[in-house]
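Undergrad: Each protein sequence line maps, in turn, to chains A and B.
Just so we're aligned, residue 1 is where the first sequence starts under my numbering, counting upward by one.
Just so we're aligned, residue 285 is where the second sequence starts under my numbering, counting upward by one.
Incorrect hints may have been included.
Stated by the list, open to error - BS3-like, lysine-lysine: derived pairs with alpha carbons at most 25 Å apart:
no. : chain 1 : residue 1 : chain 2 : residue 2
1   : B       : 304       : A       : 19
2   : A       : 158       : B       : 304
3   : A       : 219       : A       : 158
As the list claims (entries may be wrong) - The calculated label-pair distances, taken between Cβ atoms and stated as ranges, are:
no. : chain 1 : residue 1 : chain 2 : residue 2 : range
4   : A       : 1         : B       : 494       : 55 to 61 Å
5   : B       : 461       : A       : 1         : 31 to 37 Å
6   : A       : 47        : B       : 380       : 27 to 33 Å
7   : A       : 19        : B       : 350       : 39 to 45 Å
8   : A       : 68        : B       : 368       : 42 to 48 Å
9   : A       : 65        : B       : 538       : 37 to 43 Å
10  : B       : 296       : A       : 49        : 17 to 23 Å
None of these hints come from the bench; they were simulated from the model.
Glycine included, each C-beta is placed from N, C-alpha and C at the ideal position.
2 protein chains.
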Amino acid sequence: MKIIHNVIQMQAIADQLKKKSKTIGFVPTMGYLHNGHLSLIARSVKECDITVVSIYVNPLQFGPKEDFKKYPRDIKTDLKLCRQQNVDYVFIPKDEQIYPVGYMTEVRVKGITESLCGKSRPGHFSGVTTIVNKLFNIVKPGIAYFGQKDAQQSLVIKKMVKDLHMPLKIKVLPIIRELDGLAMSSRNAYLDAKYRRDAILLYLSLKKAKHLIAKKLRKTAKIISQMKRLLSQSEFATIDYIVIVDADSLNEVKQLKAKTKVLIALAVYIGKVRLIDNIIVKVD
Amino acid sequence: MKIIHNVIQMQAIADQLKKKSKTIGFVPTMGYLHNGHLSLIARSVKECDITVVSIYVNPLQFGPKEDFKKYPRDIKTDLKLCRQQNVDYVFIPKDEQIYPVGYMTEVRVKGITESLCGKSRPGHFSGVTTIVNKLFNIVKPGIAYFGQKDAQQSLVIKKMVKDLHMPLKIKVLPIIRELDGLAMSSRNAYLDAKYRRDAILLYLSLKKAKHLIAKKLRKTAKIISQMKRLLSQSEFATIDYIVIVDADSLNEVKQLKAKTKVLIALAVYIGKVRLIDNIIVKVD
Numbered sequence: 001m002k003i004i005h006n007v008i009q010m011q012a013i014a015d016q017l018k019k020k021s022k023t024i025g026f027v028p029t030m031g032y033l034h035n036g037h038l039s040l041i042a043r044s045v046k047e048c049d050i051t052v053v054s055i056y057v058n059p060l061q062f063g064p065k066e067d068f069k070k071y072p073r074d075i076k077t078d079l080k081l082c083r084q085q086n087v088d089y090v091f092i093p094k095d096e097q098i099y100p101v102g103y104m105t106e107v108r109v110k111g112i113t114e115s116l117c118g119k120s121r122p123g124h125f126s127g128v129t130t131i132v133n134k135l136f137n138i139v140k141p142g143i144a145y146f147g148q149k150d151a152q153q154s155l156v157i158k159k160m161v162k163d164l165h166m167p168l169k170i171k172v173l174p175i176i177r178e179l180d181g182l183a184m185s186s187r188n189a190y191l192d193a194k195y196r197r198d199a200i201l202l203y204l205s206l207k208k209a210k211h212l213i214a215k216k217l218r219k220t221a222k223i224i225s226q227m228k229r230l231l232s233q234s235e236f237a238t239i240d241y242i243v244i245v246d247a248d249s250l251n252e253v254k255q256l257k258a259k260t261k262v263l264i265a266l267a268v269y270i271g272k273v274r275l276i277d278n279i280i281v282k283v284d
Numbered sequence: 285m286k287i288i289h290n291v292i293q294m295q296a297i298a299d300q301l302k303k304k305s306k307t308i309g310f311v312p313t314m315g316y317l318h319n320g321h322l323s324l325i326a327r328s329v330k331e332c333d334i335t336v337v338s339i340y341v342n343p344l345q346f347g348p349k350e351d352f353k354k355y356p357r358d359i360k361t362d363l364k365l366c367r368q369q370n371v372d373y374v375f376i377p378k379d380e381q382i383y384p385v386g387y388m389t390e391v392r393v394k395g396i397t398e399s400l401c402g403k404s405r406p407g408h409f410s411g412v413t414t415i416v417n418k419l420f421n422i423v424k425p426g427i428a429y430f431g432q433k434d435a436q437q438s439l440v441i442k443k444m445v446k447d448l449h450m451p452l453k454i455k456v457l458p459i460i461r462e463l464d465g466l467a468m469s470s471r472n473a474y475l476d477a478k479y480r481r482d483a484i485l486l487y488l489s490l491k492k493a494k495h496l497i498a499k500k501l502r503k504t505a506k507i508i509s510q511m512k513r514l515l516s517q518s519e520f521a522t523i524d525y526i527v528i529v530d531a532d533s534l535n536e537v538k539q540l541k542a543k544t545k546v547l548i549a550l551a552v553y554i555g556k557v558r559l560i561d562n563i564i565v566k567v568d
């Protein structure tokens with residue numbers, strides 16, 4: 001496994017691999033790898049000739065009051081995990097090459113970035129699309145892997161790739177959960193015991209919603225109000241948003257219709273830790 | 285010479301050529317080719333294995349009150365000229381593939397797009413960077429050629445390529461002029477005889493400025509006021525802007541300094557036709 005810090009070097013490696021017709025699988029991460037990341041890496045290793053994992057905590061996607069500085073980092077463990085997974089290259093670029101002085105370009109997807117996390121985190125998604133666009137141009141993958149936990153992010157990146165005709169496929173893999181159902185996230189590291197206990201309520205409220213839909217409840221306002229009631233059991237939980245939206249367009253759905261697919265997504269603060277989770281439900 | 289209308293097909297051709305290690309030279313145009321375009325094409329044919337010319341009048345870079353609909357078009361002559369120049373592929377994409385329903389992504393360079401033409405034409409440069417980004421992803425050139433007449437555009441595109449780590453070189457070639465000095469432009473087709481006569485004043489005012497700088501005039505306000513006086517000879521001329529700026533940053537220069545390079549650029553309406561021109565002057 002090779003560790004690459006230099007953008008030009010990474011591009012040269014990618015060019016060489018492409019000339020040899022090798023398919024590059026790419027897993028962009030912010031490090032502090034958990035089983036969610038590892039499931040993406042494992043899939044890439046299985047499907048592609050070469051797997052590149054990037055580790056870069058992208059300042060551009062954090063708001064001024066967000067957790068960029070204290071975002072958990074542990075490069076040593078990350079590298080060990082990558083090595084165990086038979087990753088070929090770990091790309092750890094330097095800030096000064098990614099955002100050199102005078103950096104001025106932004107890639108932005110409109111529309112679907114304005115609701116859900118985009119509403120609570122202005123500028124977040126243009127930070128994501130800008131860095132991911134750059135990473136795709138550097139690593140030149142044939143397939144890039146993302147996790148369904150960041151449901152909106154996956155849709156936004158798919159949209160960018162399609163709209164800009166970027167020459168790669170995006171694959172979105174299922175959420176990996178702890179035994180009790182909590183979605184894996186690097187931010188779970190912030191949760192101490194009392195918060196950790198209540199964090200499970202995000203998933204329980206999603207399961208509740210799925211159950212209500214199976215029982216033919218069709219008014220989304222009613223479903224959401226039951227989810228809220230469940231979350232209110234925690235004295236530490238503050239709801240940022242709960243939405244039931246069309247799974248492709250992210251447009252709000254008021255009344256569930258047969259043969260449609262909805263995304264039920266929520267962001268909830270447990271104490272000061274903002275967690276997100278979601279499920280996709282097919283309505284019968 | 286092959287004419288390609290389909291995005292997917294163009295990408296497949298580019299992939300094949302790259303696998304054979306062919307360098308693709310690319311000249312993106314809005315058609316109605318003149319000698320300026322032809323100089324770019326000739327350079328590409330000389331320097332690259334394969335030359336691709338695109339012809340696409342990009343609606344996104346025209347303002348709502350601008351000349352998108354009446355922009356001159358003559359595909360038949362364009363194709364004849366390309367054939368004469370030994371172009372390999374002419375790419376003429378369809379609107380519905382470039383901007384399909386639900387299109388939402390924008391590539392924007394900040395800072396240097398806010399002055400000069402960016403000020404008079406809000407949204408123009410994000411239209412340019414978005415289409416050029418897409419075209420680069422489709423045609424996959426090793427070198428793309430642009431004309432110095434659109435001085436700001438060239439800088440903006442260079443910035444985008446650098447900032448997004450796009451894997452190609454940008455070459456900017458000199459302005460090609462009519463015998464009397466008028467910069468070649470597809471929009472010159474709009475000029476009838478009385479306007480055509482006065483259109484030469486743009487270049488004359490630039491030559492005047494260069495002369496004044498050679499004569500050691502250093503206050504740019506004085507230079508600009510002499511340019512304005514010259515342009516005021518035409519009853520049809522309305523100045524949009526005249527600027528003297530640093531040739532790289534486009535920052536305004538008030539007092540010329542030795543060993544610097546400035547861009548003197550102007551946009552002037554002759555009647556209703558908006559023309560632009562510029563020169564780069566090295567200050568001794």
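Undergrad: If a hint holds in the structure, say so; if it does not, say that too.
TA: Outcome of the hint check:
Between residue 304(B) and residue 19(A) the CA atoms are separated by roughly 8 Å; this keeps the pair inside 25 Å, and the hint holds. With a CA separation close to 29 Å, the supplied pair residue 158(A) and residue 304(B) exceeds the 25 Å bound. At roughly 29 Å between alpha-carbon atoms, residue 219(A) and residue 158(A) are farther apart than 25 Å, so this suggested pair is violated. Evaluation of the 55 to 61 Å hint for residue 1(A) and residue 494(B) yields a pass: the beta carbon distance comes to about 58 Å.
For the pair residue 461(B) and residue 1(A), the supplied restraint of 31 to 37 Å is violated, since their beta-carbon distance comes to about 57 Å. Here the CB-CB span from residue 47(A) to residue 380(B) is close to 32 Å, well matched to the stated 27 to 33 Å. Checked against the hint of 39 to 45 Å, the pair residue 19(A) and residue 350(B) passes, with Cβ atoms roughly 43 Å apart. For the hinted restraint 42 to 48 Å between residue 68(A) and residue 368(B), the CB-CB distance of approximately 56 Å leaves it violated.
Between residue 65(A) and residue 538(B) the C-beta distance comes to about 39 Å, which sits within the given range of 37 to 43 Å. As the Cβ distance of residue 296(B) to residue 49(A) is approximately 20 Å, the hint placing it in 17 to 23 Å holds.
This entry does not satisfy hints 2, 3, 5, 8, going by the numbered hints stated previously.
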